[in-house]
Amino acid sequence: MIKINNLTATVNEGQQTILNGLSLEVPAGEVHAIMGPNGAGKSTLSYVLTGKDGYDVTDGSVDYMGANLLAMEPEERAAAGMFLSFQYPLEIPGVPTMHFLRTALNAQRKARGEEPMAAPEFLKKARQVAADLKVKPDMLKRPLNVGFSGGEKKRMEIFQMMMLDPKFIIMDETDSGLDVDALRIVADGVNALRSPERGMLVITHYQRLLDYIVPDRVHVLADGKIVASGDADFAKLLEKEGYDKYAA
Amino acid sequence: MPHNALIDELPHRRMEAWKWTDVRGSLSATSGADTNSGLTTTCTPKFDLPTGLNVSRETLSTPDTPMGKLAANFGGDTYAVTVPLGFNASEKLVISGLNNGHARIVIRIDEGAELHVEEIHESTEAAFVNLDIRFELAKGAKLTRTILHTDHADTTRIATTQINAWADAEINQHTLSFGAGLSRFETRIASLGENLKADIHGAYLLGDKRHCDMTSHIDLGAENARIRQSVKGVVTYKARGVFQGKFHVRRPAQLTDAEMRHDAIMLSDTCEIRSKPGLEIYADDVACAHGNTVGALDESALFYMRQRGIPAKQARALLTQAFVAQSFDGMVDNTDFMSRITEWLEHNS
Numbered sequence: 001m002i003k004i005n006n007l008t009a010t011v012n013e014g015q016q017t018i019l020n021g022l023s024l025e026v027p028a029g030e031v032h033a034i035m036g037p038n039g040a041g042k043s044t045l046s047y048v049l050t051g052k053d054g055y056d057v058t059d060g061s062v063d064y065m066g067a068n069l070l071a072m073e074p075e076e077r078a079a080a081g082m083f084l085s086f087q088y089p090l091e092i093p094g095v096p097t098m099h100f101l102r103t104a105l106n107a108q109r110k111a112r113g114e115e116p117m118a119a120p121e122f123l124k125k126a127r128q129v130a131a132d133l134k135v136k137p138d139m140l141k142r143p144l145n146v147g148f149s150g151g152e153k154k155r156m157e158i159f160q161m162m163m164l165d166p167k168f169i170i171m172d173e174t175d176s177g178l179d180v181d182a183l184r185i186v187a188d189g190v191n192a193l194r195s196p197e198r199g200m201l202v203i204t205h206y207q208r209l210l211d212y213i214v215p216d217r218v219h220v221l222a223d224g225k226i227v228a229s230g231d232a233d234f235a236k237l238l239e240k241e242g243y244d245k246y247a248a
Numbered sequence: 001m002p003h004n005a006l007i008d009e010l011p012h013r014r015m016e017a018w019k020w021t022d023v024r025g026s027l028s029a030t031s032g033a034d035t036n037s038g039l040t041t042t043c044t045p046k047f048d049l050p051t052g053l054n055v056s057r058e059t060l061s062t063p064d065t066p067m068g069k070l071a072a073n074f075g076g077d078t079y080a081v082t083v084p085l086g087f088n089a090s091e092k093l094v095i096s097g098l099n100n101g102h103a104r105i106v107i108r109i110d111e112g113a114e115l116h117v118e119e120i121h122e123s124t125e126a127a128f129v130n131l132d133i134r135f136e137l138a139k140g141a142k143l144t145r146t147i148l149h150t151d152h153a154d155t156t157r158i159a160t161t162q163i164n165a166w167a168d169a170e171i172n173q174h175t176l177s178f179g180a181g182l183s184r185f186e187t188r189i190a191s192l193g194e195n196l197k198a199d200i201h202g203a204y205l206l207g208d209k210r211h212c213d214m215t216s217h218i219d220l221g222a223e224n225a226r227i228r229q230s231v232k233g234v235v236t237y238k239a240r241g242v243f244q245g246k247f248h249v250r251r252p253a254q255l256t257d258a259e260m261r262h263d264a265i266m267l268s269d270t271c272e273i274r275s276k277p278g279l280e281i282y283a284d285d286v287a288c289a290h291g292n293t294v295g296a297l298d299e300s301a302l303f304y305m306r307q308r309g310i311p312a313k314q315a316r317a318l319l320t321q322a323f324v325a326q327s328f329d330g331m332v333d334n335t336d337f338m339s340r341i342t343e344w345l346e347h348n349s
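So the protein sequences, as listed, match chains A and B.
Its first residue numbered 1, the first sequence is counted upward by one per residue in the numbering used here.
Its first residue numbered 1, the second sequence is counted upward by one per residue in the numbering used here.
Since the hints were made in silico from the structure, they are not lab data.
Please note: incorrect hints may appear among the correct ones.
[As the list claims (entries may be wrong)] In silico lysine-lysine, BS3-like type, Cα no more than 30 angstroms apart, as pairs:
1. Lys46/B to Lys142/B
2. Lys236/A to Lys225/A
3. Lys167/A to Lys225/A
4. Lys141/A to Lys125/A
5. Lys313/B to Lys141/A
6. Lys125/A to Lys313/B
7. Lys313/B to Lys124/A
8. Lys52/A to Lys238/B
Looking at chain B on its own, in the form it has when it is part of the complex:
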């Protein structure tokens, strides 16, 4: 298929869910450029597996989303990892090499098993990356997922994740993104059994003209789910941050306890934040809340810190770091994330 015809298949701003992340528009503007070479390329992820796990290839049905179809067309067979019943590794499963092209990955965690997945979404050259990732969590399965995103400034990256969770499953996800030319991390969770416990936290720190979209859709279909979501954003220069969050609480999902927060700080007059938190509730015995704030750093707090002798730049960095860190309080080890945030702030405060 020629590039131009492919570009026509991409999501665009007239689609409600993609109105702030216009993949078609962005790629049309660079049509023919090297940056689009990944459009027809197969991505070859690298899996560093805990002892006892293997990766295989499977032929799965084609998803019905535009990006899912492309991943199925160009990604080849799906990479599949199955974590057997009761498995609990001390080592992480690290997925890297996600630097150009399409790939599909499915990870199945069987009953009572636990897995820590660390995904490194990185490109050092301009690229197009499209990833379709699925997790299947059986009863009592526990997923810890850490996502680090450091892309070339001209890369386009779309990573769509579907997590299907059966009863008593637990999800603990933390995402740190430094954006790309255009990037979107979409997390879709479906609760298929009761007592889902999910913490879905993240932060984006964007400079230059970078773009990051953190979209989530939590579809609750069973009782007694507890969801906590907090996304923090820091944007400067001409960067653009996007947050779209949705809790869809179906009628059987009584006793749901769900909180969603998005808070963003704008460090320049020319940056941009777009945000759309949303609740759609059909059950009547639930506690659901969402909050959304966008603003500048607190000038009074900055003055207070400077009056104590902390130089303005350091005070701004300290305040911003403290703000972002709240998203990563619940991580087992946030040392790497925090040092990357500190480094970013040194250049962007």
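Same shape as in the complex, but just chain A:
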């Protein structure tokens, strides 16, 4: 589904290399976890894949379902099904959550040549997803993420994810800021989206999240590249042994 080959990315006008020849393939239907120490390049990987400004890709390629991902604008990647659950979701003052989400959904549909989703259908789906995720209805009327707690923001990310129905999901530290109950609700939501057509990349510091979202593969990212990989049990080993032996 996504094939990353020798990806190299710099910041500060090339003075600092963050991704350093990273290669990774996530087939459709699989969940891969990326673990690693602070500063390894985990969040940078999520930003480079989604097209955030400020990162220069100096080498490598990313094939996303047959397309050259790196040549696409962020909104084109979103319309092609790529979704990032942000580590720190942004507050958008003055834009009600439902308005934001319906605008986003219909912009994606328009880009794909589909008809916009009518308001009643959208509302019905939103109510159902909100109930599943225990998102309070009044949160949907408020400006997006404004005044939300850290946990509420993370839950709102999953709400958006379920509404937008993406094909490839990147979750960046989705577990941070969540208590155990919220973590279970979020994980149930994510697990419900697991399907043979969908791929996921779960970025996390801790093995805890992977008890709930069991990955097919676990990779260690250190110094800007994948340095070790294994199955779900590998995460438990990493939790026990730490990342020291993988760092340069």
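Given the coordinates of chain A, work out where chain B should sit on it, guided by the hints.
Coordinates of chain B only, in the frame set by chain A:
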């Protein structure tokens, strides 16, 4: 009086209050052009009055400000509307036709009366417009004032308003300006009795080389005033936005609760914002605050929206609209303002 001599009478950049809106300099540069024909012209405003109100002409004394003197000299008699005791119309008083020349208008709202005034400051050809407007609010009078400003790009417009408010008066003012070659909306409020409640909000959205100056001076002379002011600015290309705000809290104006905000977004590297918020406080038991921010759109928020699939232009427009809309939250009906803002953003985001 010849045009050149008249131009010498105009406010200029060496006057502190006019340093960013140089009327003399601007008109000198176009001396003799058709755009200056309004300098000696009388403006004939059009009044659409609620049932029960009339407009008359009165001879009033000449104000002592440069623009006030010109309005008195060339505007003819003052247009006067009096809203009688306890009057409360469901219809608005709409003032239009403010498209060239000088005029003076006075609106008196008697005790306990309420009036909604909608002013349309519009010109479709280059013009010079100078308006001297006064409101007299008796005890418990309530004024809702809506100002829409859409001028030709070469028009010069100076609209100066003095609002004198007696005890328990309420003012709710919203201004939306798309600028002009040079434009200034100056609102001066004097509280002459206690418990003044005033909301003075506005926004300017400026493209091309347009200029808008929103200046206000709130002079508080009595107890327990509550003032809220929020002005939002969006400027792009080579436009220039000016905000000057002053709360003058005199010694008797104890228990004043006043907040002033000006926030502006610059959408280009070549546009300009000048701002001077100020407090002058002589009473010791007051809560007064002012805030002022100028910056670009939040790039992180833009990326967040684009990651969700919203194209860059639409994301910028949505963020900007949400920013400006905050100034018009308190309006009874902001539909017209919001659709005009949306239309402007479609062309300027």
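Requested in this report: Quickly compare the C-alpha distance for Lys141/A and Lys125/A to 30 angstroms and report which way the hint goes.
Outcome: Satisfied, since the Cα-Cα distance of roughly 15 angstroms is no more than 30 angstroms.
Q.
Does Lys141/A sit within 30 angstroms of Lys313/B, going by the straight-line distance between their CA atoms?
A. Holds, at roughly 24 angstroms.
Original post:
Holds or violated: Lys46/B with Lys142/B, Cα cutoff 30 angstroms?
Top reply: holds, 23 angstroms
Item to complete: Verify the proposed pairing of Lys52/A with Lys238/B, using a straight-line Cα cut of 30 angstroms.
Response: holds, 28 angstroms
Check: Holds or violated: Lys313/B with Lys124/A, Cα cutoff 30 angstroms?
Finding: holds, 29 angstroms
### Query
Are the Cα atoms of Lys236/A and Lys225/A separated by 30 angstroms or less?
Holds, at about 21 angstroms.
(message) Run the distance test for Lys125/A versus Lys313/B: straight-line Cα separation, threshold 30 angstroms.
(response) Holds: Lys125/A and Lys313/B sit about 28 angstroms apart, inside 30 angstroms.
_Agreement of Lys167/A and Lys225/A with the hint, judged by alpha carbon distance not exceeding 30 angstroms_ = Holds - the C-alpha atoms of Lys225/A and Lys167/A are around 24 angstroms apart, at most 30 angstroms.
Violated hints for the displayed structure: none, as all numbered hints are satisfied.
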